[in-house]
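Protein chains: 2
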Amino acid sequence: MSAPVITAFRQVPGFAKGLVRDVRARWAFEEVGQPYEVRLLEHPEIKTQEHRALQPFGQLPTYSDDEVELFESGAIALRIAERGEGLLPADEAGRARATQWLIAALNSVEPMIFDLIAVDVFNKDEEWAKLRRPSAVEALRTRLGDLSKALGGSEWLDGDFTVADLIMVAVLRQLRHTDLVAEHPNLAAYVARGEARPAFQKALADHMAAFAEEAVPA
Amino acid sequence: MSAPVITAFRQVPGFAKGLVRDVRARWAFEEVGQPYEVRLLEHPEIKTQEHRALQPFGQLPTYSDDEVELFESGAIALRIAERGEGLLPADEAGRARATQWLIAALNSVEPMIFDLIAVDVFNKDEEWAKLRRPSAVEALRTRLGDLSKALGGSEWLDGDFTVADLIMVAVLRQLRHTDLVAEHPNLAAYVARGEARPAFQKALADHMAAFAEEAVPA
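Residue numbers (the numbering used here), protein chains in the order written: chain B, 1 to 218; chain F, 1 to 218.
Don't read these hints as lab results, they were simulated from the structure. Errors might be hidden in some of the hints.
Copies of the same chain look alike in the list, so a pair counts if it fits in one copy or across any two.
Listed below are the simulated DSBU-like cross-link pairs for lysine-lysine, each with C-alpha atoms no more than 35 angstroms apart in a straight line [claimed, not checked]:
(1) K47 / K149
(2) K130 / K202
(3) K17 / K149
(4) K130 / K47
(5) K17 / K130
(6) K17 / K47
(7) K202 / K47
(8) K124 / K47
(9) K17 / K202
(10) K202 / K124
(11) K124 / K149
My request is simple: use the sequences and hints to build the entire structure.
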């Protein structure tokens, strides 16, 4: 069986370093101890027909193993979790709850973070972004408050660390330019716990290493 | 084994009728032929501590069966698909691709639809909403164009109808107040094909029937 292959960027702007979604796939691989290969792409390559055959929206990462080609980092992380050990409970009910929290991260938490990033990064000089920011922050603050209450004093969202925590921590990390997570000490500790895992540290280091190579003069 | 139970609203504003996410769960139940029960809630009830124990964000639907309680309509639909027949391929690779498309609907398509609904419904009188609308429409138009190309001439996203098509069609239906889906005839036909399924028609009728009861004078 050959090693699964993912795609990642050869270079990205500073605000994206450490946050591109190949980190999620890399982290999952490290958690289950699955060796993998990375195919580095220049930014324009993700918009080509060839890449869109793997990722219809012209994004990355993509994933391929001996049986299937996938896009969507959430689905890729689930695939890695299902083929490996340690990222999903053994029982069906526990797996359903892990899938629930993974989807909650992607559909109930991340869209509100997208809203704030649209305001703070991609449209920061637009008049609408200045006017929109307070309500975007308020909606996100409420959602994070609910998440903080749901987490309570627990270490992870539902028992042991699962692929859902991996995705939720990765989603919350996108708020590093704000104090919104820090407003909830248990949520801040949760993100810190995720980031302290050796598998995350290895994944992040490998993700950053690709950019460092680029920095070496030709 | 007792029938699974979901929650739904006793009444909602006109713009939400037919779109509340209990439709997604009802549709999945009908597709697999699983009888279910509905617990109707008044709107304020979803913000109570009691409901938040089932749904931390104070939303609905919730789902419970003999083994597990869940929130997130995407996870609920997957659970129903996994316990029943007809919404997921038999092979692992096909199931992974169905999960991928379900997550694409929820994380790559729906967040852009949320953006437009924020502009057109929830903040329609705000100055920022008027200024934001063109770029929100443009981003969504690009995404729908990509989705249209990925669908091509196929009937469903990946072979037979799956829970991913169910969620994708439900996501796209939220654009019924616009012509954005109609700009892509294959996407419009895809949504129409989904809505024409007897299981969807039954689910929608049952969803609407709850509101009709409310209209009867006491």
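Evaluated hints:
{"no.": "1", "hint": "K47 / K149", "verdict": "between (41 angstroms within a copy, 13 angstroms between copies)"}
{"no.": "2", "hint": "K130 / K202", "verdict": "neither (37 angstroms within a copy, 45 angstroms between copies)"}
{"no.": "3", "hint": "K17 / K149", "verdict": "both (30 angstroms within a copy, 30 angstroms between copies)"}
{"no.": "4", "hint": "K130 / K47", "verdict": "both (30 angstroms within a copy, 30 angstroms between copies)"}
{"no.": "5", "hint": "K17 / K130", "verdict": "both (25 angstroms within a copy, 33 angstroms between copies)"}
{"no.": "6", "hint": "K17 / K47", "verdict": "within (20 angstroms within a copy, 38 angstroms between copies)"}
{"no.": "7", "hint": "K202 / K47", "verdict": "within (29 angstroms within a copy, 41 angstroms between copies)"}
{"no.": "8", "hint": "K124 / K47", "verdict": "both (24 angstroms within a copy, 33 angstroms between copies)"}
{"no.": "9", "hint": "K17 / K202", "verdict": "within (15 angstroms within a copy, 48 angstroms between copies)"}
{"no.": "10", "hint": "K202 / K124", "verdict": "within (33 angstroms within a copy, 46 angstroms between copies)"}
{"no.": "11", "hint": "K124 / K149", "verdict": "both (31 angstroms within a copy, 31 angstroms between copies)"}
In the structure shown, a violation is registered for the earlier hint numbered 2 alone.
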